[in-house]
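**Q** The primary structure of each chain is shown beneath.
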Amino acid sequence: MNSFWIILTGSLVAASCGFLGCFLILRRMAMLGDAISHAILPGIVLAFLFSGSREILPMLMGAAIIGLITVFIVQMLHQSGVKSDAAIGVTFTALFSVGVVLVSLYTQQVDLDLDCVLYGEIAYVPWDTWQFGGMDMGPRALWGVGGVFLFSLLIIGLFFKQFKLCAFDPALAAAIGIPVVLFHYLLMTLVSLTTVAAFESVGAILVVAMLVVPSATAYLLTDRLHIMLFISMAVGVLSAILGYFFASWLDSSIAGAMTAVAGLLFFLAFLFSPRHGMISKMVARRKIHIGEA
Amino acid sequence: MNIWLALQDPNTQWVLMGCVLLGISSGVLGCFAFLRGRSLVGDALAHAALPGVCLVYLLTGSKSIGLFLIGAGVAGLLATYCITAISRHTRIKEDTSLALTLSVFFGVGIVLLTHIQHSASGNQSGLDKFLFGQAASLVFTDVITIMLVAAVLIVITALLFKEFTLLSFDPGFGRGLGFPMGLLDGLLMLMLLMSVVIGLQAVGVVLVAAMLIAPAVTARYWTDKLSKMVLLSGFFGALSGVLGTLISTQQENLPTGPTIVLSATAFFLFSLLFSPRRGVLARMARFLRMRKKVLREDVMQALYERLEEQTKSRPTSVYHGFGAEQLAQKCGKRATAVRKALYDLQKLAFVSEPSRTEVETLWTFTPEGLKEAHRLVLNQRLWDLYHMNQNQYHSLEIDVNQEELAPQLSDATLSLMLAQLNAYDLTPRLSDHHSVSHLLHPSKQGGLSL
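So the protein lines, in turn, are chains A and B. When the letters of the first sequence are read in order and numbered with the working numbering, they come out as residues 1 to 293. When the letters of the second sequence are read in order and numbered with the working numbering, they come out as residues 1 to 450.
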């Protein structure tokens with residue numbers, strides 16, 4: 001049963017990250033996702049310190065606020081003439097450092113250790129259950145991730161057309177009157193929420209892997225956005241399942257193993273994708289050569 | 001612990017020395033990475049170093065920094081290759097391939113690290129210091145290694161300074177001159193990798209990239225010359241290294257990486273706000289000054305044009321001057337702003353308030369003010385003329401960012417333009433206060449009569 005909860009949580013994390021990741025990589029904001037996932041650490045710690053508990057709501061709020069602040073700071077630095085990659089680098093390392101310092105200073109109050117910040121503790125998920133009205137409702141992390149996943153499905157589902165247009169052609173979207181900036185910040189809010197919900201399970205840095213790797217894999221396999229979303233989620237879930245068994249075989253971090261498996265799946269797609277893979281491209285080139293001769 | 005006591009400890013001195021050199025070398029190299037738009041590559045290299053370090057430990061069981069350097073270096077090279085291969089051979093963009101490589105390598109590193117920790121050979125403690133850095137764990141031989149590598153990096157940079165400058169600003173031109181730009185780019189990457197690797201132990205995998213980015217960005221605020229920027233950046237790097245290490249010794253259980261990064265960020269924030277030319281405050285002050293100046297000039301123009309209309313339509317009528325409301329209407333600004341500008345102009349002795357009704361104060365020019373306003377209006381109308389007839393004047397080399405047009409023109413063009421103004425009936429004629437002295441000095445008994 002514990003394995004089931006772990007795999008289920010991992011799959012939900014992977015699916016919700018993979019879902020949002022598609023929009024991130026289409027808008028070329030993968031590194032902004034990286035920045036957000038690092039930067040929410042101080043938000044989480046502050047929410048801990050203020051609320052004194054691991055309640056999911058204050059953490060989500062803290063993270064959403066910090067995530068938006070991060071995006072805003074990056075934007076502001078960029079506008080004041082710092083190159084955007086340097087702006088991202090300065091912002092997220094600074095915020096992450098603040099988070100690490102806070103964790104180190106308040107180790108007694110904050111029930112978080114630095115390792116778990118980095119790669120989470122999904123193995124403990126089944127024991128941390130949510131009691132509601134005296135009933136055991138299952139792992140708390142599962143509810144958090146599931147809730148956020150449903151929320152982002154709802155938001156993206158409602159505004160799918162707008163998000164799609166913003167992802168592919170922001171200029172056109174702006175021209176026909178879609179508030180591009182609003183949708184940008186909305187997407188970033190969703191990313192922050194998902195990141196913080198996934199944080200306990202997979203940690204700050206591996207969230208990035210879950211955001212980027214499955215969606216990049218899907219990007220190699222299809223040219224249609226909604227198919228890409230499904231493939232991305234499927235790849236995420238698959239890496240969660242395989243990662244769990246890989247980790248128990250190696251006796252190592254589950255989140256790390258999930259990432260490694262996702263990387264492996266990406267590598268397979270990189271080689272064998274029917275249209276964009278290395279092998280098929282090589283074959284195509286061969287054919288051209290033969291045709292010329 | 002008292003800072004001065006800590007400073008007297010020879011061990012601390014060694015650690016500090018290591019951090020200084022580290023700061024200098026990463027600051028210097030960070031400049032080139034920053035200018036090449038490669039700031040985040042350092043981040044990817046650092047994250048990729050983790051599996052390298054862990055593999056070396058798994059294979060050899062030793063924790064010597066020299067071996068770790070090699071492992072991290074190899075992993076970093078592999079990561080660099082992956083980043084370029086993915087973005088070159090597929091349609092995946094550079095940023096995605098960067099994030100992808102970074103996170104997958106780091107994930108593999110975490111798998112190896114936790115595997116080592118769980119298999120607990122007892123000797124593994126300290127390996128996780130690589131995550132956030134612990135400068136205090138540096139021993140004498142480590143510092144020697146760091147010093148050697150840093151010295152080599154600094155010397156190479158000094159020797160190849162010209163080539164790297166070319167690479168940062170105009171690689172195409174460099175290739176044209178016959179420099180092996182690809183090779184130099186590779187060398188720069190390798191050097192970045194080395195500086196990241198020697199920083200791992202002090203600053204940690206997660207944050208070492210900041211040592212490449214923050215000092216360089218900070219230095220950029222203070223100068224426009226690369227040589228100065230490199231020196232400043234090295235200086236800021238060294239300073240943050242020292243400061244961060246000292247702060248972290250003050251508190252048990254505080255890793256060095258974040259404190260070093262936060263010191264570097266503090267310098268950055270200071271520069272962001274207070275840099276004399278590019279700083280936020282300086283720019284804001286410049287902006288406000290400019291806005292005030294433009295407002296003053298607008299008000300003067302409005303007053304001038306009102307006066308012009310008056311003399312044209314009713315040359316003999318009684319003249320009281322103009323109120324702020326009227327002027328605000330003319331130039332499309334708010335009346336309060338116009339009123340403030342008028343008081344400013346009064347201080348400059350460009351306008352005076354000849355009469356005052358119960359409702360408002362009426363303003364007109366002083367002789368100097370009229371001359372100044374004439375100059376402004378003439379300049380403005382020349383610009384308008386230039387923009388209206390750009391087909392005619394496009395061959396002229398005009399810097400449209402300059403304030404004044406007339407000094408940029410030859411005498412012939414200027415007289416042509418003045419003639420054209422005349423043809424449009426736009427020549428500002430109220431230049432000399434003798435011709436309009438009756439407008440400037442109305443009698444005290446409520447207006448003047450001619």
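Quick caveat, the hints were computed from the structure, so don't treat them as lab data. Mixed in with the good hints there might be a few duds.
Stated by the list, open to error - If the Cβ cut is set under 10 Å, some of the chain B residues that face chain A in the computed set are:
(1) Leu35
(2) Leu100
(3) His118
(4) Val139
Beta carbons: idealized from backbone N, C-alpha and C, even for Gly.
**Q** Could you run down the list of hints and mark each one as holding or not?
**A** Against the structure, the hints:
1. Hint status for leucine 35(B): holds, given a least beta-carbon distance of 9 Å to chain A, under 10 Å.
2. Checking leucine 100(B) against chain A by beta carbon gives a least distance of about 5 Å; that is within 10 Å, so the hint holds.
3. Interface hint status for histidine 118(B): upheld, as the beta-carbon distance to the closest one in chain A is roughly 5 Å, under 10 Å.
4. Because the smallest distance between the Cβ of valine 139(B) and any Cβ of chain A comes to about 23 Å, over 10 Å, the interface hint for this residue is violated.
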